[in-house]
Amino acid sequence: METQNNALQNGFFLLPGATSPSIQPLETMGVHLLYKAGRADTDGQWSLLEYLSPPSFRGVPPHWHKETIEAFYILEGRLAVNMGDQAIEAGTGSFVMIPRRVVHSWHNPVVEPTKFLVLTSPGGFEHYMEELIDWMGQEPTWPPSDMSKYVALGEKHDTFAPPAPADKS
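Position 2 (the sequence shown) corresponds to 1 in numbering that gives the first Met the number 0; numbering is contiguous.
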């Protein structure tokens, strides 16, 4: 908890390519994740991740969050985002905000890497990503043929398979 208190009281500075002192870089299948700040750094308020997607990466299957708001800011490349009834292809400098309880997915539609920031609130999404990346590294293909482990892991971390409930309260 000393790291948390120091970060909250004093802030911290990260050079390019560095991660939060409380979170190790994550990598699998050409995906590189650098957490800039996590739950321990922000008193649980938010987490910020720099995500490098390999060319033509299939991304994540459709899902929704009961409590988590997600936002993407595209640094380089393009990101195809499906959000509710909308299909968006977001380029460099674009921002996408996904409210709670909205089914969404994304993938890299181009044959070049895409780099983007992912902001989640509340914080703690890094714990899901740590477990997911570890599991992805054990799978021969993505997405896997048996999605039951993905579904169970997601539900543990506020990530649910469609459909989302109609009540958006």
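Simulated from the structure, these hints should not be mistaken for lab results. Glycine included, every Cβ here is placed at the ideal spot set by N, Cα and C. Careful: at least some of the hints might be erroneous.
Derived DEER-like restraints, expressed as beta-carbon distance ranges [stated by the list, open to error]: (1) Q44 - P143: 26 to 34 Å; (2) V150 - T27: 15 to 23 Å; (3) L14 - P61: 17 to 25 Å; (4) W141 - L14: 27 to 35 Å; (5) T27 - E111: 16 to 24 Å; (6) S147 - Q8: 39 to 47 Å; (7) W141 - P121: 36 to 44 Å; (8) D133 - G90: 16 to 24 Å.
Subject to a maximum C-alpha distance of 25 Å in a straight line, what follows is the list of computed DSS-like cross-link-like pairs (lysine-lysine) [what the hints assert, rightly or not]: (9) K65 - K155; (10) K114 - K35; (11) K148 - K65; (12) K65 - K35; (13) K35 - K155.
Hint check results:
| no. | hint | verdict |
| --- | --- | --- |
| 1 | Q44 - P143: 26 to 34 Å | holds, 33 Å |
| 2 | V150 - T27: 15 to 23 Å | holds, 19 Å |
| 3 | L14 - P61: 17 to 25 Å | violated, 36 Å |
| 4 | W141 - L14: 27 to 35 Å | holds, 30 Å |
| 5 | T27 - E111: 16 to 24 Å | holds, 20 Å |
| 6 | S147 - Q8: 39 to 47 Å | holds, 43 Å |
| 7 | W141 - P121: 36 to 44 Å | violated, 27 Å |
| 8 | D133 - G90: 16 to 24 Å | violated, 31 Å |
| 9 | K65 - K155 | holds, 12 Å |
| 10 | K114 - K35 | holds, 14 Å |
| 11 | K148 - K65 | holds, 19 Å |
| 12 | K65 - K35 | holds, 24 Å |
| 13 | K35 - K155 | holds, 23 Å |
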